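Those letters in the sequence shown? Residues -20 to -1, 1 to 152, per mature numbering (1 follows the signal peptide of the UniProt record, and there is no 0), in order.
What the hints contain is simulated information worked out from the structure, not anything from laboratory work. Keep in mind the model is a prediction, meaning the values are calculated, not measured. Backbone N, C-alpha and C fix where the C-beta goes; we use that ideal spot for every residue, glycine too. Hints are not guaranteed to be accurate.
[What the hints assert, rightly or not] Across the chosen pairs, the derived CB separations fall in these ranges: (1) Ala101 - Ala81: 28 to 34 Å; (2) Asn37 - Ser133: 34 to 40 Å; (3) Gln97 - Gln32: 19 to 25 Å.
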Amino acid sequence: MTSIDLSRRGLLRLSGLALAAGIAGCTTTPRIAGTPSNGEDETASVLPLVNQLRAKNGLPPLAIDPAAQTAALFQAKRMASVGKMAHLIGMTDSFGARVKASGVRLPAAENIAAGQQSVDAVVTAWINSPHHLENMLGRYDGLGVAVAHNTSSRNLPYWAMVLSSRGDSASI
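Between the sequences and the hints, there should be enough to build the whole structure, so can you do that?
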């Protein structure tokens, strides 16, 4: 007998899969699959891990930033659509201009990764990278995370994390 996960997270995943299936029929980039509609699942999963890291380092916690989620989702989808991990992919705009277009307040930072199959694996990779670790321990107060898959390259996941300055925290 097959069991169905009726938890909030399970329902969100089912909704995301249904949305992705619907979008796949009308998109011009069918190689992107399994992408949640707004990065909420990834951000909700990564946030406690990053906040635990920040607490161990005496730093205030981050909060979910919807604009950072939008920017992260754009970047993850962009990397997956071309099958390449890079901050600037065929774009003339700078990182700052790109995230500002999503409503992210500066200063901001971005961590990207490709190939990690889970939230734990990607966060561990970022922690083990001095520059990415520096970003996660930076003077930011907002976070958005997303993953998109390139189905033409072994369903390789492309991850993006945007750390933002929401402007409503005394820690900035």
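Could you check the structure against the hints above and give me the numbers of any it violates, in ascending order?
-> none
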